[in-house]
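Enquirer: Sequence:
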Amino acid sequence: MEALRLILLYVHLIGFALLLGGSIAQYVSGRLRINSAMLWGAVIQLLTGLGLSAPLRDGDEPAPAKLVTKLVIALLIFVMVFFSRKRDVVNRGHFLAIVGLTLVNAAVAVFWR
Numbered sequence: 001m002e003a004l005r006l007i008l009l010y011v012h013l014i015g016f017a018l019l020l021g022g023s024i025a026q027y028v029s030g031r032l033r034i035n036s037a038m039l040w041g042a043v044i045q046l047l048t049g050l051g052l053s054a055p056l057r058d059g060d061e062p063a064p065a066k067l068v069t070k071l072v073i074a075l076l077i078f079v080m081v082f083f084s085r086k087r088d089v090v091n092r093g094h095f096l097a098i099v100g101l102t103l104v105n106a107a108v109a110v111f112w113r
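Using my numbering, you'd call the opening residue of the sequence shown number 1 and step up by one each time.
If you're looking for bench data, these hints aren't it; they were derived computationally from the structure. Check each hint, because a few of them may be wrong.
Only pairs whose alpha carbons sit at most 20 Å apart, straight line, appear in this in silico SDA-like list of lysine to any residue [said to hold, decoys possible]:
#: 1; residue 1: Lys66; residue 2: Leu9
#: 2; residue 1: Lys66; residue 2: Val108
#: 3; residue 1: Lys86; residue 2: Gly51
#: 4; residue 1: Lys66; residue 2: Ala54
#: 5; residue 1: Lys66; residue 2: Gln26
#: 6; residue 1: Lys86; residue 2: Leu75
#: 7; residue 1: Lys86; residue 2: Arg5
#: 8; residue 1: Lys86; residue 2: Leu50
#: 9; residue 1: Lys66; residue 2: Ala37
#: 10; residue 1: Lys66; residue 2: Asn35
#: 11; residue 1: Lys66; residue 2: Leu103
#: 12; residue 1: Lys66; residue 2: Gly51
#: 13; residue 1: Lys66; residue 2: Lys86
#: 14; residue 1: Lys66; residue 2: Leu52
#: 15; residue 1: Lys86; residue 2: Ser36
#: 16; residue 1: Lys66; residue 2: Phe111
#: 17; residue 1: Lys66; residue 2: Leu50
#: 18; residue 1: Lys86; residue 2: Leu52
#: 19; residue 1: Lys86; residue 2: Leu20
#: 20; residue 1: Lys66; residue 2: Gly100
#: 21; residue 1: Lys86; residue 2: His12
#: 22; residue 1: Lys66; residue 2: Val110
#: 23; residue 1: Lys86; residue 2: Leu71
#: 24; residue 1: Lys86; residue 2: Ile14
#: 25; residue 1: Lys66; residue 2: Leu76
#: 26; residue 1: Lys66; residue 2: Leu32
#: 27; residue 1: Lys66; residue 2: Leu46
#: 28; residue 1: Lys66; residue 2: Phe78
#: 29; residue 1: Lys86; residue 2: Asn35
#: 30; residue 1: Lys66; residue 2: Phe82
#: 31; residue 1: Lys66; residue 2: Arg31
With the hints as extra help, turn the sequences into a complete structure.
Expert: Shown next, in the form of structure tokens:
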């Protein structure tokens with residue numbers, strides 16, 4: 001089961017890289033819109049995060065409050081990305097909120113013990 005958890009964690013990190021890297025690339029280009037890397041990153045993060053929250057460890061489970069917090073943030077990111085993916089231009093505040101929530105979600109994962 002440890003191998004499955006590590007594979008899920010690896011794919012989860014790839015989703016994070018897609019989401020954050022895609023958003024930084026769009027921000028640098030000057031045209032704020034949702035690109036396919038951001039959409040796929042949000043989907044991958046949500047699905048692998050659900051898989052990682054399954055009880056795959058031997059007694060070393062994360063706190064339920066941490067899992068719920070990360071799930072709510074991941075759902076917010078997914079909804080913000082999914083429903084604005086077809087717009088030609090996304091509001092600056094909306095776009096920066098996606099980036100900010102992505103960074104907050106990573107911070108919760110790292111610093112909440």
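Enquirer: Quick one: which hint numbers does this structure break? Sort them smallest to largest.
Expert: Failing hints, ascending: 3, 5, 7, 8, 9, 10, 13, 18, 21, 23, 24, 26, 30, 31.
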